[in-house]
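Read top to bottom, the protein sequences are chains A, B, C and D. Note that my numbering has the first sequence beginning at 9, numbered continuously upward. Note that my numbering has the second sequence beginning at 9, numbered continuously upward. Note that my numbering has the third sequence beginning at 9, numbered continuously upward. Note that my numbering has the fourth sequence beginning at 9, numbered continuously upward.
Simulated from the structure, these hints should not be mistaken for laboratory data. Among the hints, erroneous ones may be present.
Since the list gives no way to pick out one identical chain from another, each pair is judged satisfied if it fits inside one copy or across any two copies.
Using 25 Å as the maximum straight-line C-alpha spacing, the simulated DSS-like pairs for lysine-lysine come out as follows [to be verified]:
no., residue 1, residue 2
1, Lys12, Lys228
2, Lys10, Lys73
3, Lys188, Lys10
There are 4 protein chains.
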Amino acid sequence: MKLKQLREEVIEANLEIVRRRLVLYTFGNASGIARDEGLVAIKPSGVPFADLRPEQIVLTDLDGKVVDSSLRPSSDLDTHLELYREFPGIGGVVHTHSTHATAFAQARREIPCCGTTQADYWYGPVPVTAPLTAEEIEEDYERNTGRAIVRRLAGMNPDDLPGVLVAGHGPFTWGASAAKAAFHAVVLEELATMAVLTLALNPAVEPLLQAEIDKHFLRKHGPSATYGQ
Amino acid sequence: MKLKQLREEVIEANLEIVRRRLVLYTFGNASGIARDEGLVAIKPSGVPFADLRPEQIVLTDLDGKVVDSSLRPSSDLDTHLELYREFPGIGGVVHTHSTHATAFAQARREIPCCGTTQADYWYGPVPVTAPLTAEEIEEDYERNTGRAIVRRLAGMNPDDLPGVLVAGHGPFTWGASAAKAAFHAVVLEELATMAVLTLALNPAVEPLLQAEIDKHFLRKHGPSATYGQ
Amino acid sequence: MKLKQLREEVIEANLEIVRRRLVLYTFGNASGIARDEGLVAIKPSGVPFADLRPEQIVLTDLDGKVVDSSLRPSSDLDTHLELYREFPGIGGVVHTHSTHATAFAQARREIPCCGTTQADYWYGPVPVTAPLTAEEIEEDYERNTGRAIVRRLAGMNPDDLPGVLVAGHGPFTWGASAAKAAFHAVVLEELATMAVLTLALNPAVEPLLQAEIDKHFLRKHGPSATYGQ
Amino acid sequence: MKLKQLREEVIEANLEIVRRRLVLYTFGNASGIARDEGLVAIKPSGVPFADLRPEQIVLTDLDGKVVDSSLRPSSDLDTHLELYREFPGIGGVVHTHSTHATAFAQARREIPCCGTTQADYWYGPVPVTAPLTAEEIEEDYERNTGRAIVRRLAGMNPDDLPGVLVAGHGPFTWGASAAKAAFHAVVLEELATMAVLTLALNPAVEPLLQAEIDKHFLRKHGPSATYGQ
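Okay, chain A solo, but in the shape it has when bound:
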């Protein structure tokens, strides 16, 4: 029953990134995890989003062994798995090639925190991973992509920084559930859109004061949050 619900949540997260125009054709994927069962549910590779049915969502263990589905998992599975193993608090991962976030990834620039829209969800800039070496690309590429993300987050709390830009590739986001990971993917694309424009208007833009980042992030996150109902 729980796995059925997980599969449905993963479908819904995949559909959300399509509805929000983050995905062209099949260029993206969402997954979720059932921590107690140690099972990850992920989009099958190359299947059109509109056609996804629960039984097509691929279930694997944390080593990537498929335990249920006749379809192959997303080619990015090993990146998702690395994040699930290293960030034990997360429940979902989303990868897209959304236009503006991917542009920052390709330009290898972090997204500076120059507005409260960003401070509401990222506790500072959105970082970029270091590029992989040729060796890391040739062997175990997808897992090494995950490792580059984990290295970039070293010393930081993944709850405070729910997504990064993989250099030359695109964004990966996460959250407490597949739905939250998709939400962060949507917000990240908007942050990137605003930041391209902001940097065009003011290449030397100042980041927000730390006091304002604190005010906004902590208004929405943590024990003293006051936002919502």
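Dock chains B, C and D against the given chain A, drawing on the hints supplied.
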């Protein structure tokens, strides 16, 4: 009866900023005021726009005391209240994080008045507030945001300048009603979009002649207006 | 009967510029002319496009005297009339504040002819009018706007150049009918969109060879046209 | 029967480029080829996409002689034919004036391969053709456009590089079928959109390592492909 109508107008203004794509998820809010009753009607915090029902719109007095609703008001309530107290002629306030207007706010640049589209509604540039100090952020942040707006408008008529950019945050607009405030939010986003492109094409763009600003603004506003039916 | 058809064509042209997203709220207007009757049919001022009914379309003579309608004509009527008087071959005029074309008008830059998309419809760059003087703005503003367009076209065939950018204002286009004028407004917005991007990628972009402008323009226009059925 | 299917595939490819917003009015065309019959099926010139019926799709031989249809073929037919003659492995060709790809063509800049989205489908940069001479434009223009494309691909495999930018004009793409050619046109517009933004953020952006281009291109193409089902 009047408060019922106010709540419906406030819902409609909230829906208008969504329909016009100024709002991602719940990132925005509209309010209106019944001046005789001294009551403000505002969107509840974090509630999806599509679900808003009249009884969910929060009624508060001008000090922010909730007088009707079981829901919390928008976290930006105190900014709205400050504007209602200081600009006695206005009937509605809208806050969004619309993409291009927010980019100007983040870049901390005013929108120069270089076209008649702007002069039709703003009687000059769209100004940016001064940044808040760390102290103003830490204590009474939302009200201090309102004060920064009021300070920026000092000596100007809020009817001539129906919105500003809050530095590092985004646009606030107002008008004779919640509907007019929403209209100004939509127009401001378009002005900002045009201005980003204009400044890319001509970084040293000249503002309109004052004679043309007068012609357009006064064709639509004040005793000698001729526009419309 | 003919005037009924003209009014319907004018409504359709007004709707086309809305459908193609060239118009925010009521920021635009289309007109057509019945040359034999000497009557111009134009959108009424400030009326929402979606509500337009044939009897609301205002009929005026070439001096702007309203001959049928209880509504006021568009405030830009005198600009349209000047174009109908000076360009006897045209049958329709459209004015919009479409985003990218207006940005060029605000930046006071012509749109260089650097691609065949433009050469298919404009026989060279899209020009910008000279700015009006304060005197021209204060007295007879709308007609002087038309005069500035006519002066800018001096020595050119309006069929070869179906639209210009009014400095600090926005585009005016024309054509053999209201439908053609609307078509040119839509094409112009796309040309402007491409040109902003082109100039960002290559500020020193070369115009097309005259041979290629000839090839494309004359493939679609004039006695040796081969395009279409 | 086979030609009927070809015509339907060609209609579907023409509709796909419209649905994906690559085409304004009639500015684009898709074709397909039946290699055994030596027949090309192409959109008729200037016919609105929404109205296309199978019998209107024009069939020609590889020399451009119309063998079935009462309509004239697209004015770009001779460019399509040149590609079918010179690239014997392709089954479909698409030409559009999509906004961002056309901007690169007008700016006469190639699209550098700075992200995996591109490396998934183009095995390196998207090249630009050399400009045609006045002579090549005046005589046999459409065929010379095809020749310029073929020259630019000299020594390269058209399967590795399923589309180019024609200088001052716009993109041509191809593929194993009309559907694949349309798919490549859609992907190319997205690559161009990302690249405009990337170059704005980092004018000196580094291309991907060859190892990463290999990894992505070969994950989706050739004998060791692993993507999809």
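Structure-based check of each hint:
no.	hint	verdict
1	Lys12 / Lys228	neither (31 Å within a copy, 31 Å between copies)
2	Lys10 / Lys73	within (19 Å within a copy, 44 Å between copies)
3	Lys188 / Lys10	within (18 Å within a copy, 40 Å between copies)
Against the hints set out earlier in the document, a violation occurs for number 1 only.
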